[in-house]
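J.: Got chain A; can you put chain B on it based on the hints?
For the protein sequence lines, the chains are A and B, in the order given. Sequential numbering from 1 applies to the first sequence in this note's numbering. Sequential numbering from 1 applies to the second sequence in this note's numbering.
Among the hints, erroneous ones may be present.
Copies of one chain are not kept apart here, so a pair can be met inside one copy or by any two copies together.
[As the list claims (entries may be wrong)] List time: in silico PhoX-like cross-link candidates among lysine-lysine, alpha-carbon distance up to 25 Å:
| id | residue 1 | residue 2 |
| --- | --- | --- |
| 1 | K320 | K229 |
| 2 | K124 | K286 |
| 3 | K2 | K320 |
| 4 | K104 | K214 |
| 5 | K104 | K229 |
| 6 | K354 | K309 |
No lab work stands behind these hints: they were computed from the structure.
2 protein chains.
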Amino acid sequence: MKKHNFNSGPSILPATVIAQAAAALHDFDGIGLSILEIGHRTDWFVAVIEEAKLLVKQLMQLNDDYEVLFLHGGATTQFMQIPMNFLAPGETAAYCDNGIWGNKAIQEAGYFGNVHVAASSKDKNHTYIPKNLSLPEKANYLHITTNNTVEGTQWHEIPPTHLPLVADMSSDIFSRPMDFKQFSFIYAGAQKNMGAAGVTLVVIKKEWAASIQKQVPPIMCYQKHIEAKSLMNTPPVFAIYVALLTLRWIIAEGGLTEMERRSRQKADLLYQTIDSLPIFITSIAKEDRSLMNAVFFMKEEALLQPFLKTCTDNGMIGVKGYRTVGGLRVSMYNALPLESVQVFCQLAQNFAHKHC
Amino acid sequence: MKKHNFNSGPSILPATVIAQAAAALHDFDGIGLSILEIGHRTDWFVAVIEEAKLLVKQLMQLNDDYEVLFLHGGATTQFMQIPMNFLAPGETAAYCDNGIWGNKAIQEAGYFGNVHVAASSKDKNHTYIPKNLSLPEKANYLHITTNNTVEGTQWHEIPPTHLPLVADMSSDIFSRPMDFKQFSFIYAGAQKNMGAAGVTLVVIKKEWAASIQKQVPPIMCYQKHIEAKSLMNTPPVFAIYVALLTLRWIIAEGGLTEMERRSRQKADLLYQTIDSLPIFITSIAKEDRSLMNAVFFMKEEALLQPFLKTCTDNGMIGVKGYRTVGGLRVSMYNALPLESVQVFCQLAQNFAHKHC
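For reference, chain A alone in the conformation it holds in the complex (with noise of 0.2 Å):
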């Protein structure tokens, strides 16, 4: 049975994508050795490293001002590392606190200084996105989810402001072109826009690196991994080349552009599925909702598990939501074709009739 992958993440790939992987863990590059089994600073894996960093610059129009990086960890590990190396004790830095990724960055930002809350949805359970920020006069840094993959939320418009914009794009990193030159520093875990889990993406404002005064332990400074163009240590080389053949295929396909006109194709189908049958209910707010991550329920919670059910007998994965949620999330990445979707929407309907 053909599956359709819902994955909040680990998630989908583009089929390409998996082929070309597969076959350089036979033969890289036709020199006859697996990628797998390719020394980090050999000529082969510098071009790859290399290649990747210049599409990441080229899909977001930066120039040298920015330094792109492929680290180890995921996300959350940026989470610790951004106050690690930017926040230091007396010192403040501004948090958006908009879903349960932005609330794991702020709890570890509170280890090396103060937080400021800019703007919180927490009154309505992170249904919305709070669209005014209280922004103290001196802060080091605002930082922001521009996706909550959890709640379903997106900022669609980025907040002006004074200070150093610091964003986590994990869950919607290259799905729509934007002025990427407002941020002084870009992260994002790879396993949902841009391969496969284990490396996430750091572009920073290189200025904004070397004005760290703090002492950052080696490994976690990124001025450090500026200077060793990302081989400080050896990098997580398979993820890297996934996300380098993930970024070629973006590209090929007509790049931020057209990524965004496929999310919203996808989405909105999607959207009004859910709002034409009534069984479904959805909280969050209509020019808040994610083009990424569609969360909504059943308005009979008896009908969750039949309907979950009928999902699975489907060939559907990953449609059941975040375990402290519930309910239902239907991710649709760049790599989702809209065929997923729509397949999804014919049985939703199906499910509907059958159930009203």
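T.: Here is chain B on its own, set in the frame of chain A:
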């Protein structure tokens, strides 16, 4: 041309492991999804990580006093994470200074507390293992690097100590039976004897982890990783799967006793050949020679490039010495077949006869 892969890491993997990993990229375990596309909290992946943990304990003959973790980052991340957890300002940890990696561990520890150097081989350029340790009465732990990848030395006897013993086994893990119960903490980057780059094995005595009093940022806290069963955030799924395949391979081939037998056979052949050919010299103390990485030089520096070219021309990869050391390094990890060492030795003999 057949390739002989003497890379120091990322390095050669068993052919069956690569074939199985490539098959799982197409379709993991017949479920119709790639290993890159499955969620880390699915039953599928939980079975992978749980089996991998079990096999580590089986190979090390450890009971439930120990926890096995598969963490993001390389061993270098552990250089920082260990003192971040176990060393506070004003406290002391003891370190053996036996090579470049142990030295990096010392540097990272210095950011968290005092370092007492218990033994150093710096006086002779790290060409031997110092047997007499000067241990302070009170220190939080003693750190050793069991095999020095760059310098080509290895602790063939683990030094006795009253302190909790922490070992970086990145380059000789699972290459020999050992009383693993003497350690409170073992870690190893996967990319030599245990799989692909992008994951680090940590084996930790639960009692010791539970004793941590320090406030540690959650994502870096071992105790929290233990509580979350190594799934605090999205782990490096594919790298853990390759580790599982490699662990299965080690066991199927006969376990640590067999790995040691093979290592001795390969290393004996190599060192005997080097010792018998006057064009090569090595300054490593004979009794401290590494079974994993043989480091040696050409007596006449002018012959180095011609010899390296001969190696490359004959399909030999990774024979060049570490960038700060120079000369030659032949790495003979578990997956390297005896045949590769035989071919290298034959080539070395032919080259020597031509240039004598």
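J.: If a hint holds in the structure, say so; if it does not, say that too.
T.: Outcome of the hint check:
1. K320 x K229: For K320 and K229, the Cα distance is within 25 Å only across copies (22 Å; inside one copy 40 Å).
2. K124 x K286: within (14 Å within a copy, 70 Å between copies)
3. K2 x K320: Within one copy only: 19 Å inside, 48 Å across.
4. K104 x K214: Both: 23 Å inside a chain and 19 Å across chains, each within 25 Å.
5. K104 x K229: between (29 Å within a copy, 18 Å between copies)
6. K354 x K309: within (15 Å within a copy, 73 Å between copies)
In terms of the numbered hints stated before, the structure departs from none.
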